[in-house]
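Student: Each chain is listed here by its residues.
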Amino acid sequence: MSLDNSEVKRIAHLARLVIDEQDISIYAHNLSNILDLVEQMSSVPTDDVAPMAHPLDTLQRLREDKVTETNQRDHFQLVAPQVENGLYLVPRVIE
Amino acid sequence: MYQKSIADQAKGLRAKEFSSEELTREYLDRIKRFDPQLNSYITVVADFAMAQARIADERIAKGDAGPMTGIPLAQKDIFCTNGVRTSCGSKMLDNFIAPYDATVVERFNQAGAVMLGKTNMDEFAMGSSNETSFYGPVKNPWDTKTVPGGSSGGSAASVAARLAAGATGTDTGGSIRQPAALCGITGIKPTYGRVSRYGMIAFASSLDQAGIMTQTAEDSAMMLNVMAGFDERDSTSLDKPVPDYTANLNNDFKGLKIGLPKEYFAEGLDSGVASVVEAAINEYKKLGAEIVDISLPNSSLSVPAYYVVAPAECSSNLSRFDGVRFGYRCEDPKDLEDLYTRSRGEGFGPEVKRRIMVGAYALSAGYYDAYYLKAQKIRRLISDDFKQALNQVDVIMAPTTPTVAFNIGEKVDDPITMYLSDINTIAVNLAGLPGMSIPAGFSQNLPVGLQIIGNYFDESRLLNVAHQYQQVTDWHTQIPKGFE
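Heads up: the protein sequence lines correspond to chains A and B, in order.
Mapping of the first sequence onto the numbering used here: residues 135 to 229, in sequence order.
Mapping of the second sequence onto the numbering used here: residues 18 to 501, in sequence order.
Just chain A, same shape as in the assembly (with noise of 0.2 Å):
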């Protein structure tokens, strides 16, 4: 399994993340390295085996639908980079 450049930009898009112009091979080379590892996988049949998504097979447990939780929305923004009114700030989305 190979990337080029142009699927590693891709792949950056999707995950939004900037990756240097220099650097795009190294990550092309390491990624494809990455997925020939993964690779061996596919020589083993796998048509009748049920996938497993939690170790215990445990179902999601749920809870009943009300409020349990108190409003720090002033708390938890203190850690936030740009706020004003209680409202997040980020550039101007709409014109």
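In short, the hints are calculated from the structure, not lab data.
Source: prediction; values computed, not measured.
Think of the CB as a built atom: it goes at the ideal place given N, C-alpha and C, for glycine as much as any other residue.
Check before you lean on any hint, since a few could be wrong.
Said to hold, decoys possible - So the derived list for chain A, only partly shown, Cβ under 8 Å to chain B, looks like this: (1) A149; (2) V178; (3) A184; (4) A187; (5) P215.
Fit chain B to the supplied structure of chain A, relying on the hints for placement.
Tutor: Quick look at chain B alone, frame taken from chain A:
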């Protein structure tokens, strides 16, 4: 005092031989003196620790103390600590003061334990050598040219050098057991779901498990008594009764069946490590255990399956770091897309970016079946191997790592070689089983770990098996030269 195990420190505190303040001060002094050589702590909270120690002493004086009250511990910097920076070893969270405590931290606070600080780790727990940390590599106290292992490398090095009485760790693919082995200490990864993940920064949610790093198995049992148990704030926490993990430590295990999987003693195992592990197995024979040869035929598939499951889950979990609500934000973003991509590109280190990208690729349209679904099926095969083996035997033993600690810089540019250093630990996470590593001796003057794997929720038995070995050996009491 620092040479003592947690169990002996607890006795000393109870008998008023020394106070928690004196004990805590001794560790803080040792950290100041020795940690510049090791870099095992990211943050030391001296004032906070001394305040906790004074409260612990009051509780002890009033007779309101538990076994862990007044014991100075270190927390891996993956656990959120209210009001204290929680960096996860990343530039992304270098400025992150956690606004709440992880359940594990909360439970130690309630138990009256003292927190000395937050230990260094591979960035977001992704690494096997502690070299991916934004705060620089941790050094192995047995030889500071070598790595301590990872990702809980700071916790391992701090306990090995006696800069904490015990420490927490997390284990997604071996991140407790591998560094415990390379640093010559005891480490336990409990059954998946046994300890709450609430407030533990997520890497791969179907594999992550919090655990413990200490000198002795008895100390691990004492810490597990505090940590284990159901937590409704973690949706994967299991609601099962928690035994007293110290209760069975002294049980006689005559007739214990130990399985030795041939795949773990095959090519690639260093001969020095092999002979240390062999000697440990012989010690178990002398203690009355019966040795059974077993096979875990799909072992070689564990690394490939892991490097789909873990990156896929990490790419999903780490999407929360977007430069908006917390963590690093790039300078002067020109639009929202630029804010996301540059904050993430600049905030994450290369190994984290690699894994996010592998995960994003494996989960992208058209590839899901070939990668993630396939890996989940392989995971079943690996888990079934263990189920069959554990029908035949009580515990499985193997070397924790195929070699002793390698040199800093040796594997850092070659991810695949680095990944393969976890070849003996990863399968246990895929199966969700509990596993331990205990010090079993030395090869080339560096520690060797013996791995003990047990059935689901059989932590008590693992601790018993480890404790009995530690009654007849003294590997776990040895302190690296220069740190006495």
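Student: Indicate, hint by hint, whether the structure satisfies it.
Tutor: Consistency of the hints with the structure:
no.: 1; hint: A149; result: holds, 4 Å
no.: 2; hint: V178; result: holds, 6 Å
no.: 3; hint: A184; result: holds, 6 Å
no.: 4; hint: A187; result: holds, 6 Å
no.: 5; hint: P215; result: holds, 4 Å
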